[in-house]
Every structure is written in C-alpha cells, then in structure tokens.
Amino acid sequence: MFGLDNKDTRMLLVVAVLTLCAPFILNPFPTDSAMAQFNAGYPDLMQRFVIFGIFAVGFNILFGLTGYLSFGHAAFLGVGSYSAVWMFKLLSMNVVPAILLSVVISGLFALVIGFVSLRRSGIYFSILTLAFAQMSFNLAYSVLTPITNGETGLQLTLDDPRILGVSATADGSIPVTSLFGLEMRSTFEMVVGPWAFQFNAGYYLCALILLAAFYLSIRIFRSPFGMMLRAVKSNQQRMNYTGLNTKPYTLAAFVISGMYAGLAGGLMASMDPLAGAERMQWTASGEVVLMTILGGAGTLIGPVLGAGFIKYFENIFSKINDNVLHSWFSFMPDGIEDFVVFIIHPFIGKGWHLTLGILFMLVVVFLPGGLVEGGQRIAKWAKKRKGKDSATPGKTTPAE
Amino acid sequence: MGILEVKNVGKRFGGLQALGDVNLSVKENTVHAIIGPNGAGKSTLLNCLVGKLIPDTGSVMFDGQSVLGRKPYEINQMGISRVFQTPEIFGDLSVLENMMIPCFAKRDGAFALNAIPAVLGQKDVLEKAEQMLEEMNMADKRHMNAASMSRGDKRRLEIGMCLSQEPRLLLLDEPTAGMARADTNNTIDLLKEIKEQRDITIAIIEHDMHVVFSLADRITVLAQGTPLVEDDPQNIRGNPKVREAYLGESA
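Chains W and V supply the protein sequences, listed in that same order.
Convert by adding 640 to the 1-based position in the first sequence; the result is the number in my numbering.
Convert by adding 11 to the 1-based position in the second sequence; the result is the number in my numbering.
Extracted from the complex, chain W is given alone in its bound form (with noise of 0.2 Å):
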C-alpha cells in the first residue's frame, strides 16, 4: 500500500492506529481514581508526544542514516516557532501559511548551517553544530531583540496588523490560531461511565502531519537516496572512489531533518502561539538525541517511541511530589513509610531526570538499539517459546 512493501505499511497503520486513538491509549484510568494521575490523555501533552515525534523522525534521517551527529537541532525548531509566530502576526491566524514558512525558514538556515558545519565530520561537526545553535539561542535571546523580543519571548498582541485577519476579535481580545476557521484549541470531551476522553483539533492536525512526515520518512530509508547516505555512514572512502559525491548526499539530509524540526517548531507555535528563546537551548538540541537513541537510531519507528517516552517521563514522574508518595505508601508503618518516600524522594518531582538519566544508561549499555532492539527480543523471545511449547509435543520437529 502507498509504495511500501508488506512490512512498512503494517508500520505505518500501528503509528496510524495510535496517535488516532491516543486520546484512548493514553486515557487508561478513570478520571476519579488514584491511578489518574499516569494519563496522559489531555491535548496539550499529546501535541507535545506528536510534535517532538516530527522532531525526532526527521532528526533521525540525518544521525540515523548519516551518522553524523547534529547536537544544534534545537536551532532549527525556534527558527520554526519565530518565523509561525510571524506570520501570526503580520498575515493572519490561519496556520497553514505560518508552517510552511517555519518548513521553508528553517530550511534555509540549516542550508547554511549544514553547508559550513558538514566540511567537518565526526565530533568535530557535532561542535560546529553545537556552536551555531548556541549562536543562534544568544542571538535570539539578546542581540535580535526586535525580531525575537528577547527573553519575554515572541507573542502576539492586540496591534498586529495580521492584514488577512483581524487585529482583535469584537470581543477585544487576541484571536486564536485556526485551520481555515477550525480552531486549533477546540475540543470535544467524551464522557463514558467515569472515563473522559478529549478529541482536540489542534491534536488531529499534528497527529495528520506526523503521519505524513513518517510515511515520508518511510520513503527516504526506501530509497536510493536513502540507501546513498547508509554508505556514507558505512565508508566515505568507498564512496568517493566510486564517483559519488559525499557532500551533497549529507547536506541534502541536514536540511531535511532541519525541515522536519522546522516544521515541529511551527506546529508548536500554532498549538501555542508563543516563541522562546529557551526552545533553541542546547538542552533541547540534547533531548532530541536522547529521544532517537533511546527509541533506536537508525530504525523507523524508533524515534517515535523515544520522543514519547521521554515526554511521558517529562510530564508525568515530574507531577509526583512527596505527598503523592506518602498516600501510596500510607499503608505501611510510620518509620518506614518516611523512609520509603525519602530513598523515592530524589527520583520524582523535579527529580524526573535523574530516572530518565538511569533508564537511559541502562538502555545504551544493555539495548544498544534502543526501545526497538528491546521489542524485538520480546518478540523472538516469545517466538523462541512459542515454538519450544509447539514443538514439545511433537516427537520429529525439527530443532531451531
């Protein structure tokens, strides 16, 4: 279907199937019970699970592919946020116009980028991009003030003229971001027994986007193309003596994957129209490469899953406070309670990055693939079984 052989296309229905019906999976527990608190169901996260997911897709055609190792992604992603949050301002508040600038924008910044930082490679290139992100956050945050407004961040006001659009709504207040009259904000609850599920637009536009920049995504790794930049990673020097030009094969994948975070960065501002300086921070640019590691670099669907797991962690173990802890724990005797709560205490709450840093060790050292790598031992593991429990009875099968 679509291109794809039997295999990709049953990749791409499973990401269909679950960013479509996340407002499910991510809703497990009814909204009264003390497990509420792990879902993750409400719009605004889910636009950060899809949105970082396009982050990280596209970040994993250059470091997954290619090899080399862009710790300046970040840039790209405020690049994107600015040039939306722009065109909220100046033409109207119809997001399709302000993500195609972001796409367009951030393409041609990491053209530039791409075309200085790619004469190095190795650690070498992750530094040059390190240094052009960081260039790019201090400039935004102080010297490009009338562009970027500083550390307030870039907002919208009640005198943008937004010439397509209205300055303000006839209520006096700033209009709201909308896909051809569709705003991005509504949402629809559905209230079955104890449970409540929301349908966010803003939510279905992103997930529709990270559909298509997957699928795509898919289509590159299929490619010549695709498979032009796995020989870069496997041997630069085959290459070369064999009459293809490296250099193009990598910049041409830089400024995808800057495309992609470009287009990430758009859809957050048009989620919330609102751009920071903080967005371009080098921290940033790190959590993408935490994200596709984690998940499994170089694998499609790898990306996706980091991207979600992180935020997961990011906005879940961080709302676990102490209180949280001692009614969980409130069944056991008082000394010992304290004492649990105290050795759980550094791990959750503002703590949360010490069990991501952990789990993350104990991914690389143990799953060098990543996620993927564990759920495809999961799976040969239970083949392997599954097999042995068939074959037991059988007296002549065949051992393997």
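Accuracy of the hints is not assured; some may be wrong.
[Stated by the list, open to error] Mimicking EDC-like on lysine to aspartate or glutamate, the simulated pairs with C-alpha atoms at most 20 Å apart in a straight line are: (1) Lys165(V) - Glu141(V); (2) Lys139(V) - Glu108(V); (3) Lys38(V) - Asp210(V); (4) Lys887(W) - Glu204(V); (5) Lys134(V) - Glu145(V); (6) Lys165(V) - Asp151(V); (7) Lys134(V) - Asp645(W); (8) Lys117(V) - Glu85(V); (9) Lys1020(W) - Asp648(W); (10) Lys38(V) - Glu241(V); (11) Lys873(W) - Asp32(V); (12) Lys63(V) - Glu39(V); (13) Lys203(V) - Glu39(V); (14) Lys887(W) - Asp119(V); (15) Lys873(W) - Asp103(V); (16) Lys206(V) - Glu146(V); (17) Lys165(V) - Asp184(V); (18) Lys873(W) - Glu99(V).
Worth flagging that the hints you see were computed from the coordinates, not collected in a lab.
All of these numbers come straight from a predicted model, not from anything done at the bench.
On the provided structure of chain W, position chain V as indicated by the hints.
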C-alpha cells in the same frame, strides 16, 4: 599513446622525495604491473593517479584529459576505478546493496536526490547488480551483511563493484596482500578471467612476484621514487638491476 600517461611526476613530503621523476605509459587493454621494494613510492604514485594526492610536478593524463586537481569521485566518473589494499566495501550494507551503489553511481552520476522511489523499484540497477553478483559467483550471498564475509569474498565483491561501473582503467593496490595461498590463487584466476573477457586496462601494484608474473603484460620497476626499468616480464626476470633493487647488492 597509452590510455594513462604519467609524465615527469614528482612528489615531496617534507624532506623526503617520495617520487622523483616518474614517466609511465599504460597501453590500452593490457595489464601493467608496477613493482618495487618497500618505500619505492608505489602507493604514492597510485594516490597521485586517483586524486588523493596532487603531485608537485609533472602531469597525469587519462584518455587525453588531465586528472590533476580533480576530486577522487570526479576521476572515478572519468572511468578509473580503484581496488584498495584492504577491501573497502560498505560493511553495514548487504552484498546486493553494495553492488547496487556503483550501478547507481554509473547511472545517476555523482549526486541524485532520488528520495521518493523505492530502491527495489529500480529494475535496471537491480538487474545489473544481480547479474554482476552472478558473474562474481556471489549470488547466494546477496542478502548477507558485507562485513561478515571472508576476506577473499570481500575482495571479490570489491572487484565486482569496480567492474560494475564498466571502468576503462582498473587500479589494483596489492590485491593479494595478506591473503592465504588459496585466496591468492583465486584472485589471480579472477583477474585473468577479467582480462580475457573484458575490454579493460588494468594497472596493478604488487609485492608478490608470483601474482605479477602470472598476470602482467608489462612491468615497471620502481625504486626510490624513480622508474628503474620498464620491460616485458621475461626480460624483467633476468635483469640484474631489478635483482639488486630487490635483494640488495650482496645478491
């Protein structure tokens, strides 16, 4: 006039004159061997031919065009393919993919943003690669990871990759270095086969005299960066100057 004309090429690395004044003419459809003791400048000369090094003096003409100042990929697109001393293949890719990449390079040139159609949909390239694998007797290994093959097979694959580009000149840099006797003989047989069946010129750098004398039509002996003699194999064998260069004066 040969297909490859090297004239007065010199190359100096700091205080070391790696190549003095090399003149070499490789005739079309012959096997030309370049031999010499360690440090004679064989590899430096080869690197000057493929664009890895730029000589300080002299000229290198391939088929009437200068190769000097061109990048390795440009020189390859002119029709010179190079086999390395240790096989350089795409270890992370399958054998079939390894064979397809030079076919793409031949069809699409140095760069093509062919990002939407599927690799396996490119029937012409796929057929050509399959056929080449067939000719190299590697069709059964096509889905193997290239890195997991034996050294002899890697060498075979690398030669096949170069041939699939239909080069006019094939450069071999000690193709049997570090190989067991059986693998060496296989490689000699393969190269003989290529020589007989294809319209191709081969320039080979080699240490192993057995390989040289079983393949070469013409031999250049290099010593201390300058050509000592250039002659037919039977004359080289008895040449006292060659013996001296190789074995020292006491021999």
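Compare the distance between the alpha carbons of lysine 134(V) and aspartate 645(W) with 20 Å, and conclude whether the hinted pair is satisfied. 16 Å, holds
Decide if the proposed pair is consistent with the structure: lysine 873(W) and aspartate 103(V), CA atoms, cutoff 20 Å inclusive. 9 Å, holds
Given pair status - aspartate 119(V), lysine 887(W), alpha carbons within 20 Å: Holds, at roughly 16 Å.
For a C-alpha distance cap of 20 Å, please report whether lysine 206(V) and glutamate 146(V) respect it. Distance ~14 Å between lysine 206(V) and glutamate 146(V) Cα, so the pair holds.
Next pair to validate is lysine 1020(W) with aspartate 648(W); report whether the Cα-Cα distance is within 20 Å. At roughly 19 Å apart (the allowed maximum being 20 Å), aspartate 648(W) and lysine 1020(W) satisfy the hint.
Hint check: lysine 165(V) vs aspartate 184(V), CA-CA at most 20 Å. Holds or violated? 15 Å, holds
Run the distance test for lysine 38(V) versus aspartate 210(V): straight-line Cα separation, threshold 20 Å. Distance of about 12 Å is within 20 Å: holds.
What's the verdict on lysine 203(V) and glutamate 39(V), does the C-alpha distance respect the 20 Å limit or exceed it? Distance ~16 Å between lysine 203(V) and glutamate 39(V) Cα, so the pair holds.
Check the hint pairing lysine 139(V) with glutamate 108(V) against an upper bound of 20 Å on the C-alpha distance. 12 Å, holds
For the pair we were handed, lysine 873(W) and glutamate 99(V), check the Cα-Cα distance against 20 Å. Holds. Lysine 873(W) to glutamate 99(V) sits at ~13 Å (cutoff 20 Å).
Does lysine 165(V) pair with aspartate 151(V) here, judged by a C-alpha cut-off of 20 Å? It holds: about 14 Å lies between the C-alpha atoms, which stays within 20 Å.
What's the verdict on lysine 117(V) and glutamate 85(V), does the C-alpha distance respect the 20 Å limit or exceed it? 12 Å, holds
Violation of the numbered hints given earlier is confined to hints 4, 11, 12; the remaining hints are satisfied by the structure.
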